[in-house]
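**Student:** Here the protein sequences come in this chain order: A and B.
The first sequence begins at 714 in our numbering and counts up by one.
The second sequence begins at 714 in our numbering and counts up by one.
Any given hint might turn out to be false.
Remember, identical chains collapse to one label, so a pair may be satisfied in a single copy or spanning two.
As the list claims (entries may be wrong) - The list that follows gives simulated cross-link-like pairs (lysine-lysine, DSS-like), each with its CA atoms no further than 25 Å apart:
#, residue 1, residue 2
1, K1022, K856
2, K822, K778
3, K1023, K876
4, K971, K1052
5, K876, K743
6, K744, K876
7, K971, K744
8, K1052, K1022
9, K842, K980
10, K744, K865
11, K1055, K971
12, K842, K971
13, K809, K839
14, K932, K1109
15, K932, K1092
For the record, the hints were derived by calculation from the structure and aren't laboratory data.
Residues per chain are reported as follows:
2 protein chains.
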Amino acid sequence: MSKNFFSTCFIILLTFSLNAQTESDAFTIKKIYETALTESNAYVWLTHLSENIGGRLAGSPNSSKAEDYTQRILDSLGVNSSFRQECTTNWWHRKKESEVNMYLSPNVKVQLTSTSLGNTIGTNNKEIKANVIEVHGLNELKKLGEDEIAGKIVFFNRPMDAKLVNSFNAYGGAVDQRVFGAARAAEFGAVAVLVRSMTNKLDDVPHTGTSIYEDGINKIPSIAISTMAANLLSETLVSSPDIMVGLSNDNETVPNQKNYNIIGEWKGSEFPDQIIVVGGHLDSWDLAGGAHDDGAGCVQSMAVVEIFKKMNYQPKHTIRVVLFANEENGLVGGQEYAKLAKENGENHIAAIESDAGGFSPRGFSADGLSSFFDAKFKKVSDWFNLLEPYGVSLSKGGSGADISPLKDQGPLLFGLRPDSQRYFDYHHTPDDHIEAVNKRELNLGSAAMASLIFLIDQYGI
Amino acid sequence: MSKNFFSTCFIILLTFSLNAQTESDAFTIKKIYETALTESNAYVWLTHLSENIGGRLAGSPNSSKAEDYTQRILDSLGVNSSFRQECTTNWWHRKKESEVNMYLSPNVKVQLTSTSLGNTIGTNNKEIKANVIEVHGLNELKKLGEDEIAGKIVFFNRPMDAKLVNSFNAYGGAVDQRVFGAARAAEFGAVAVLVRSMTNKLDDVPHTGTSIYEDGINKIPSIAISTMAANLLSETLVSSPDIMVGLSNDNETVPNQKNYNIIGEWKGSEFPDQIIVVGGHLDSWDLAGGAHDDGAGCVQSMAVVEIFKKMNYQPKHTIRVVLFANEENGLVGGQEYAKLAKENGENHIAAIESDAGGFSPRGFSADGLSSFFDAKFKKVSDWFNLLEPYGVSLSKGGSGADISPLKDQGPLLFGLRPDSQRYFDYHHTPDDHIEAVNKRELNLGSAAMASLIFLIDQYGI
């Protein structure tokens, strides 16, 4: 018999076995989706986390309750072990919410719906009253200079760009005003800053979020106002540029609190030393229950284990559910996790984060060290015809804030990418509650993550 | 010079011009999306339609108001002409909403949240009180027979299949109970039917929708109960199979009302006789404002003209916005439109319908006469790399109820396919209001339709 005959037989057998494999993988993925949609408790966990525990800002008493609760859930799922990694956090604490008033005359004031930004100092409830100068970006401050800014309240009013289809890109293009506005404006003698809330929606809901002071620069209060309030203030300034605005609030920062990364580890049967991380961050802002940000990511990550257990699927690689401490106000948990992984010489082959809301999943974006990235990306891309029926695709891009410190240790990093349209309707607001989460959309996110992890587990990276 | 040289030149020129064309198309589509996201009034129109006018069941006074309003909007957009096509409809009218009670004892009753199904007769407010037999499908009736059914209330309790990712498939697999339940059960002597609401969500919201009587079969009342009420009734029947249920309601049908398809026609500059239809249905159920079903489809269709006008784009083919009469309760408008198109010898090259909610668009499904369908589908598929960046794909499948009567006249039919997870949270309920619609998601649907129509207009079908 000729060599050709054997080659042909080999190709036929290979094709047959590849097709059979694909069919079997498709069957498993279907089962993952069905299990997620009909048997997962993710929505129940999320209800407890966001409504019974509630807002859980790093360092707060609630943040400890959330740690205890999720560790208990992980234990109940039958992971091999659960453990904690200690992180030191500062508890920034909203003692009295901000009040901002526009003075139409000395005796007539209009209140602007507002919220203090994370880490901001307070006014000790005393009113700071000053003229306002509106700007649309950090770079305008230098042009205006101290003459125009000193003694005034700087009002950052550049909206998120509504033209961008992906609302995260619009957020990325506007959020520097919130994060660095106070520090930059203080350099020119501003007495406080007001920041337009980070949302495409025109409503009267204020959005908090982190703001950062810098060493050697005067700390001034930093407050967000709703988009409707921002429009009103801006319009008023056109006709009455000398209008006075008063603002007050009261906050404190309690240093050196303890928080923990909560980790559930399920040992792989064949490659126990090769670790796949799936996670979200356990902390949330204090205004609501952090249902989308990032309670959803936490419960979806726990649901990956739940789904596999219900299916009696035993992973070959070690799966670690990691619920990271303090993403919102310092990224301490993600950094600590990466540091310990390095010190312990652990081998992470992949990490997946869900931190973009519990909405219908549309895909994953992948990131990694440039050295082998293209080859790894190509390999993973080839699997995605199996996820196409579920509307889940793969693209290159960022992954997640908590897992990105792992990047230089070589794993392929993935971010779950849900539909982004509604995220910034709720993000960091008093509305980020369980009612804003659709149970099926949440479960589909768990299913997408479990499916990707199943494929990584089957074929390695 | 050789023939090869010319061939090579030709290929280079062709490639260059194709790439330039693709770039130019991509630029136009980007502009369509930006215009939709920042300049469209679709959300304002929808607010008026769903909240100021409100529910607009065929034949009702509100249905006439909706016709006048949308024709006025179409005229204001600068179409060449707007006109109406008369349709005769019956106005089924909910005079008094249903009340359904479970009698735990003669004096202790528990109310089950309910709503009368469309077209059902009423009880003239008198209570029908009977035992209940629970079934999970029409086919169970024959097995049970008259002995088990006569004199009883038949309770159809097969849920939508939560395992199915696309909720429209789950709806399609359960809705026969609502549509044909009363007629089938009456054949075996049932006195009324209760139907589990058509939704995957477990809540206390009742879902109405059409039910159909058949000639020669006794008409019995047909009432939907919420999924929570259905679970409660089912559980109660396990322990107390002989429990009595009482139901009452009052409805009337006013025959021979006038409704109209509302049509805005914008003549094409090069192929005025080749028509592209874009539409939705103007009628809605009466319990709420029909914001998703199908106010969204109507305003998105009008927005296609609005967007092109704002971009100064003059279509080569004639675009017709068609707001169809009475989809919900008889499909009269769609049938009338197709009939007149045939009588007038019109040439429809494509029709696009949006009737799956104003959620984030994920694609289109395409349908058509089998003769040239594959070739046409292939041609259109090739354009969709231009829509990939917007998460919009093409698949084969159904199009829309109102445009499908056009099918045998040869046009390619498209249905807009938004994300389906939330649709049946609101469908035919008191909750289908403007608050359930996200403005950006709505506008993205308009943009997807305008983009597809732009490509059809450029390249024909």
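**Student:** Give a verdict on every hint.
**Tutor:** Against the structure, the hints:
1. K1022 / K856: Neither: 60 Å inside a copy, 39 Å across copies.
2. K822 / K778: So K822 and K778 fail the 25 Å test inside a copy (41 Å) and across (42 Å) alike.
3. K1023 / K876: Between copies only: 15 Å across, 43 Å inside.
4. K971 / K1052: Within. Shortest intra-copy distance 17 Å satisfies the 25 Å Cα cut-off; inter-copy 73 Å does not.
5. K876 / K743: Classified as between; 9 Å across copies, 36 Å inside a copy.
6. K744 / K876: Cα proximity of K744 and K876: across copies only (9 Å, versus 39 Å in one copy).
7. K971 / K744: neither (40 Å within a copy, 50 Å between copies)
8. K1052 / K1022: The answer is neither: 30 Å in one copy and 57 Å across copies each exceed 25 Å.
9. K842 / K980: neither (60 Å within a copy, 60 Å between copies)
10. K744 / K865: Neither: 61 Å inside a chain and 39 Å across chains, both beyond 25 Å.
11. K1055 / K971: within (22 Å within a copy, 75 Å between copies)
12. K842 / K971: Answer is neither; intra-copy 37 Å and inter-copy 64 Å both fail.
13. K809 / K839: Intra 11 Å, inter 58 Å, cutoff 25 Å: intra-copy only.
14. K932 / K1109: So K932 and K1109 fail the 25 Å test inside a copy (39 Å) and across (60 Å) alike.
15. K932 / K1092: neither (50 Å within a copy, 62 Å between copies)
Violated hints, in rising order: 1, 2, 7, 8, 9, 10, 12, 14, 15; the structure is consistent with all others.
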